[in-house]
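Based on these hints, arrange chain B on the given structure of chain A.
Chains as they are written, first to last, in our numbering: chain A, 37 to 228; chain B, 730 to 868.
Some clues are possibly wrong.
What the hints assert, rightly or not - To give an idea of the chain B side of the interface with chain A (calculated C-beta under 8 Å), a few residues:
id, residue
1, G744
2, A745
3, L746
4, F747
5, A748
6, V750
7, L751
8, A753
9, V758
10, Y759
11, F762
12, G763
13, V767
14, S770
Stated by the list, open to error - Just the calculated beta-carbon pair ranges, DEER-fashion:
id, chain 1, residue 1, chain 2, residue 2, range
15, B, A761, A, P79, 18 to 28 Å
16, A, L179, B, T821, 48 to 58 Å
17, B, W742, A, V67, 44 to 54 Å
18, B, A753, A, V105, 36 to 46 Å
19, B, A753, A, L207, 22 to 32 Å
20, A, L109, B, A761, 50 to 60 Å
21, B, G824, A, K72, 47 to 57 Å
22, B, A867, A, V195, 56 to 66 Å
23, A, L109, B, A753, 53 to 63 Å
24, A, Q176, B, T784, 45 to 55 Å
25, A, C112, B, K738, 37 to 47 Å
26, A, A188, B, E843, 57 to 67 Å
27, B, K866, A, P79, 21 to 31 Å
None of these hints come from the bench; they were simulated from the model.
Every residue gets a Cβ at the ideal spot worked out from N, C-alpha and C, and that includes glycine.
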Amino acid sequence: MKKWHDSEKEKSQKGPITVRDICLIGIMVAVIEVCKAALSFLPNIELTTFWMILFTLFFGRKTALTVPVFVLLEGCIYGFGSWWIMYLYVWPLLVFVTWLGRNQESVWFFSLLSGVFGLLFGFFCAIPYVVIGAWDGGIQSGLYAGFTWWVAGIPWDLVHGGANFLLMLVLYHPVRNVMMRLQEGGPFCDGQ
Amino acid sequence: MQENKNRSKKELWFGALFAVVLVAVLVAVYLAFGAKPVAGSKEITIEVVDKEAGTTTYELLTDAAYLRQAMEEAEGLTFSGSESEYGLMVDTVNGERADYHMDGAYWCFYVNGEYSNYGIDTQPVMDGDRYTIRYEKAQ
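Just chain A, with the same shape it has in the complex (with noise of 0.2 Å):
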């Protein structure tokens, strides 16, 4: 079974930004928001997770700069909000724990790791209003405000994380089978 990080690969992801690289972000990005707006209308379902993964296994490095383009696409379409800050460090933190696990091949190993990024979301979110809060009345307030920020979504975290998780299983193989046919012969290969 061919692997994903094939000596091939690890040069296309090492090497040098390409104009075909800035073409891919493009077209990652686009991925991503095209999916994020099919899916708005069901609260806490996303494929962010999905293609963030996907793409940091697939492409390595330029999923590193696919995310701060994404962020700043966020921030224009829906303004620069408070959750645009987390967006700052939530995305670029599922990028690098996916990036740990790059050698991973089990679909079950990535469901899951979708899955329980989905239930900590809120977690992770939670913390710009610890930083309000502490600022406002002291770490106590801080730590008050951003606790029950988060306890109040929960409900919406256990949602994100089986949404995430049943996305994942279901969509991997698949998704992943293309986009290797794709790396094999087609334009997403570097120097053919």
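For chain B alone, kept in the frame of chain A given last:
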């Protein structure tokens, strides 16, 4: 190779266990600290005196601003009427209709024993109030 596979399997089981524990913790935290609905802050009594002078009493905690909403919240109390510019003109309470045009009967509203000067849509609800809805006939 086999050793790696076994280790990988172990890690997956550990991950699955972690996810299950995480879900349990989230549910426990939400049940313990999540926002819970609280009963209304105003304690009131609504008393219905029917045609035969029988009395039915409803005691409730409510946040209703006006009597109509409080009456809607009172379990077992039913009422209907016709909408007008003064709000709902009640003609039927608990299935008993008072027809003024037939025999001069109507449902009269009292607040703490005093005749109410407002319709049920504009009668303010205060903590401790006792509202009486009495079947009466015009003299």
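message: For a quick check of understanding: which of the numbered hints are violated here, in increasing order?
response: Violated hints: 3, 6, 8, 13, 14, 17, 20, 23, 26 and 27; rest satisfied.
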